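So the sequence lines, in the order shown, correspond to chains W and E. To convert, note that position 97 of the first sequence is 281 in the numbering used here; the numbers rise steadily by one, no gaps. To convert, note that position 387 of the second sequence is 425 in the numbering used here; the numbers rise steadily by one, no gaps.
I should point out that these hints are in silico values taken from the structure, not numbers from a laboratory. There could be a bad hint or two in this list.
[Stated by the list, open to error] Straight-line alpha carbon distances no greater than 27 Å define the calculated DSS-like cross-link-like pairs of lysine-lysine that follow:
1) Lys106(E) x Lys612(W)
2) Lys534(W) x Lys237(E)
3) Lys106(E) x Lys536(W)
4) Lys470(E) x Lys627(W)
5) Lys470(E) x Lys465(W)
6) Lys465(W) x Lys406(W)
[Claimed, not checked] Which stretches of chain W does chain E cover? Using the computed rule of at least three CB atoms under 8 Å from a CB of chain E, they are:
7) 503 to 511
8) 561 to 569
[What the hints assert, rightly or not] Okay, the calculated bits of chain E under chain W, using three or more residues with CB under 8 Å as the criterion:
9) 103 to 116
10) 413 to 427
As the structure is a computational prediction, the values presented were derived from the model and not from experiment. We put the beta carbon where it would ideally sit given N, CA and C, even for glycine.
What follows is the residue order along each chain.
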Amino acid sequence: MNETSDFVIFLGRFHPLVVHLPIGFIILAAIMEGLSYFKKRQFDGLDKAIAITIFSGAIGAVLSVAIGFMLSKQGGYNDQTLFWHQWLGIVVGVLSFVGWTVKTERLKLGFLSSKVILIVLIILISITGHLGGNLTHGSDYLTAYAPGFIKKAFGNSTSEVALEIPSKPDSIQVYKHLIQPVLNAKCVSCHGESKSSGNLLLNTQEGILEGGDDGHAITAGKPLESGLFKRATLPQSSKKFMPPKGDPLTYSELKLIEWWIKEGASFEDAITAYDIPEDVKQLLLRDFDIDTKPKPYFDTIEVPQLSEETLLELEQAGWMVSFLSDGHRMMDAGFRAGDLSTDTFETLLKAKEQITWLDLSGNPVEDTMLKTVGQLTNLTRLNLSNSEITDAGIPNLKALVHLEVLNLYGTDISDESLKTIESLSGLKRLYLWQTQVTTEGVKALKEQLPDVEVIGIPENSASDI
Amino acid sequence: MMSKDKLHPFEAYNAGITRRAFFGKMAKGIGAAALGTMLNPNLLFGSNSGMSGAPLANDFGLPHFPPKAKRIIYLFQNGAPSHLDLFDYKPMLRKWHGKQIPDELTHGKRFSTMIGGQTARPVIGEISNFAQHGQSGAWVSDFMPKTAEIIDDLCFIKSMYTESVNHAPAITFFLTGAEQPGRPSMGSWLTYGLGSTAKDLPDFVAMTSRDKQASCGQIFYDYYWGSGFLPSKFQGVKFRGGGDPVLYLKNPEGMSRSMRREMLDDMQALNEMNHREYGDPEILTRIAQYEMSYKMQMSVPELTDFSDEPQHVLDMYGPEVHRKGSYAYNCIMARRLAERGVRFIQCMHAGWDQHTNLNHQLKIQCDDTDAPSAALIKDLKQRGMLEDTLVIWGGEFGRTPFLQGNIKDYKNWGRDHHPYVFSLWMAGAGVKPGFTYGASDDFGFNPVENPVHVHDFQATVMHLMGIDHEHFTFKHQGRRYRLTDVHGHVVKDILS
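Throw the hints in and build the complete structure from the sequences for me.
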């Protein structure tokens with residue numbers, strides 16, 4: 185392939201121009217033949233002209249075949265289509281000469297009159313021309329924008345149904361959901377099934393890994409050493425710029441491809457497998473509505489749906505429960521009214537996994553009741569403010585590692601409780617206004633949980649000032 | 039998508055009655071099938087107050103997603119505080135002080151009729167002094183020293199803009215999404231859609247205050263907290279600014295509470311009979327309101343009794359905290375209402391319309407409101423309530439960078455209405471603390487970065503309450519309405 189000189193390909197590229205000569209001549213010959221057959225009186229004596237036209241067509245066909253052959257050296261065409269296009273083209277050339285000899289009565293083939301030969305030629309030219317079109321433009325060129333019923337007739341009605349992007353970020357695969365659709369839309373018409381320019385296939389993983397005549401399409405980790413990224417980012421005036429026709433890749437498409445190659449160009453990884461740079465995050469949100477912000481804990485876990493009966497039981501025990509939102513299984517619970525007892529708390533265990541927000545503020549919650557609360561391990565917010573709990577109750581909460589907000593304001597707890605709170609590794613905010621906790625206690629807590637924000641205790645104690 | 043398209047209950051009821059069935063019913067009394075729905079107001083009103091024992095997500099499919107905010111305290115500053123003298127620091131103003139504002143800015147722009155004939159429009163520098171505060175380094179005027187202390191809890195939008203140049207339409211636009219009265223206000227939409235959380239208080243309470251000198255001709259129209267075409271059960275209950283916040287808290291002499299109860303039970307039975315006959319949802323509203331009044335006879339005296347407040351908390355709100363009808367009183371009341379589960383608390387303070395008295399009145403307004411606003415934030419924060427309470431502070435528009443009046447007449451300086459850019463702040467549930475979004479140009483005249491329209495603001499507030507504003511509609515007079523009309527984009531960048 186590399187031996188083919190540029191000049192041969194230069195000539196070869198005149199093929200699409202030259203092919204129209206024989207097509208025109210043959211059609212003209214057929215028209216004249218038809219006229220002299222159906223309207224003999226009016227169009228008598230065209231035979232000589234027909235002969236000349238067929239002969240011109242034959243010369244044109246041979247010429248087309250010759251430079252077509254040169255063009256095929258450029259490579260990148262579908263082999264099977266090329267085979268048929270080439271041989272049918274040769275047959276057209278040969279048959280045109282046969283037609284000429286028959287017309288000029290140099291040869292007599294009995295049943296094969298010049299009329300029959302011209303009809304056959306027109307059929308052959310149509311087929312050859314169509315195959316040629318498929319070679320240059322891709323096999324779906326004609327049908328891509330056809331009305332649905334035509335597509336259906338050709339059996340490719342399922343034209344590019346937009347790929348549904350999953351809602352959970354950890355099921356969004358970078359390649360499958362973000363990169364492949366771009367390649368399909370902008371590259372595969374030339375680097376795919378119907379045509380493989382530069383011997384590069386971008387429609388399959390194997391093809392992408394294998395690369396093409398120009399070498400690797402992808403060099404994992406190095407976007408600018410990857411042909412795919414490099415050529416799509418060249419100046420558009422460069423003859424190596426990709427894609428040569430159609431819309432160039434957009435900023436966000438390039439950005440995502442660059443990011444994908446940088447992260448190792450995996451074909452399986454989900455977007456959550458990587459650190460996503462801030463600008464890529466913004467593009468994901470803007471163009472794909474993919475929110476990569478860390479999700480709250482209650483959105484990341486699967487719990488069973490509570491039955492109506494259980495909900496009713498909770499209601500009857502005095503709990504006010506509601507789902508976080510329509511269709512959400514996690515729950516927000518508070519105490520409505522009535523007497524709080526250990527039994528009341530026992531009912532909460534029926535929604536042990538589901539309750540993630542619990543508001544007990546202002547209720548006479550006692551230390552022993554916290555035993556039950558401590559079993560609600562999916563709690564992310566717990567409000568015990570203005571309740572009757574003391575240091576004796578807090579150790580019950582040790583297992584609540586997903587707790588993010590703990591409100592203990594207005595209770596009698598002291599530094600003693602902070603020893604348990606230290607182990608709540610998920611804690612983000614702790615409310616301690618109007619408690620016995622001291623500035624020193626908070627300082628010690630901060631050593632264990634440096635990120636926790638403590639609200640309600642002065643940062644400096646009086647003795648520090 | 040909200041699949042269950044809500045008709046007005048009255049329309050829904052009427053839709054169920056064919057002419058023949060109607061006459062049949064008149065003859066026979068009442069269809070048994072109708073009875074079931076009539077007796078259970080929740081079926082019609084979509085409230086998940088738990089009255090029916092069904093605790094769950096209401097029949098609107100709301101909230102659409104887990105809410106960041108469970109309740110809202112809207113500190114509405116009627117009259118339009120000057121963004122240029124309070125939060126939007128523009129050093130250019132003092133450099134241009136006394137010079138005519140560039141025509142390019144003002145050409146073709148509408149202002150109020152008060153400066154219609156005034157051709158001299160000199161820029162005036164801010165009348166206060168600005169300094170940066172907190173870790174966020176936000177600029178705050180020295181008129182707002184207490185707000186400066188809580189600056190790192192606030193999220194500013196400095197690129198707000200609106201449509202109207204006059205107070206009532208602009209306020210109505212902010213609160214109801216339309217300039218003409220008649221649409222439900224934000225609080226009505228939210229309480230209607232999300233249901234009840236308060237045990238024995240209304241879910242939507244409005245309170246008003248005004249400046250002591252009554253320097254500002256602002257009127258509080260009832261439709262600022264009206265329910266529009268939503269059932270009137272969802273209108274805000276306005277607490278009075280003097281005496282008892284609601285009338286008739288005490289039963290007349292000789293009427294015991296149990297006697298009152300029996301009377302109400304009998305009246306409810308009569309009302310229900312009437313409702314079965316006519317199907318007017320306003321009868322249900324009436325029943326609900328009698329019940330609410332009965333509950334408030336118990337709950338309101340406790341609500342307004344500040345004796346359980348520690349002195350240092352009262353002090354934070356300032357000296358006016360005990361004066362009923364003051365902004366300070368309303369602020370501490372807002373906190374107490376929020377603690378009792380009230381979903382939407384709308385405090386409106388009139389006094390910011392400085393057309394001719396900028397140089398003395400603005401400072402007075404700040405003195406009266408700065409400490410209470412800041413105290414409310416501090417107070418909510420120390421109680422952990424900023425976790426799920428959204429506080430909004432803002433007016434209906436801003437004020438012009440140029441002078442209204444004569445520059446030599448220092449005493450009567452003013453600034454005119456300016457809808458093209460202004461500032462507001464939010465704090466609490468779901469918004470980034472210590473953050474500023476958007477910016478105005480060097481004159482504080484137009485937004486130059488991330489403009490936020492009133493509908494965008496409303497969409498964002500709905501979002502914080504767990505509602506997709508595009509999918510919460512109410513069908514009225516043949517078309518579906520929403521708070522944001524057909525506009526609005528959630529300002530995602532301010533969400534925490």
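Q. Of the numbered hints stated previously, which ones are contradicted by the structure, given in increasing order?
A. When the structure is compared with the hints, none of them turns out to be violated.
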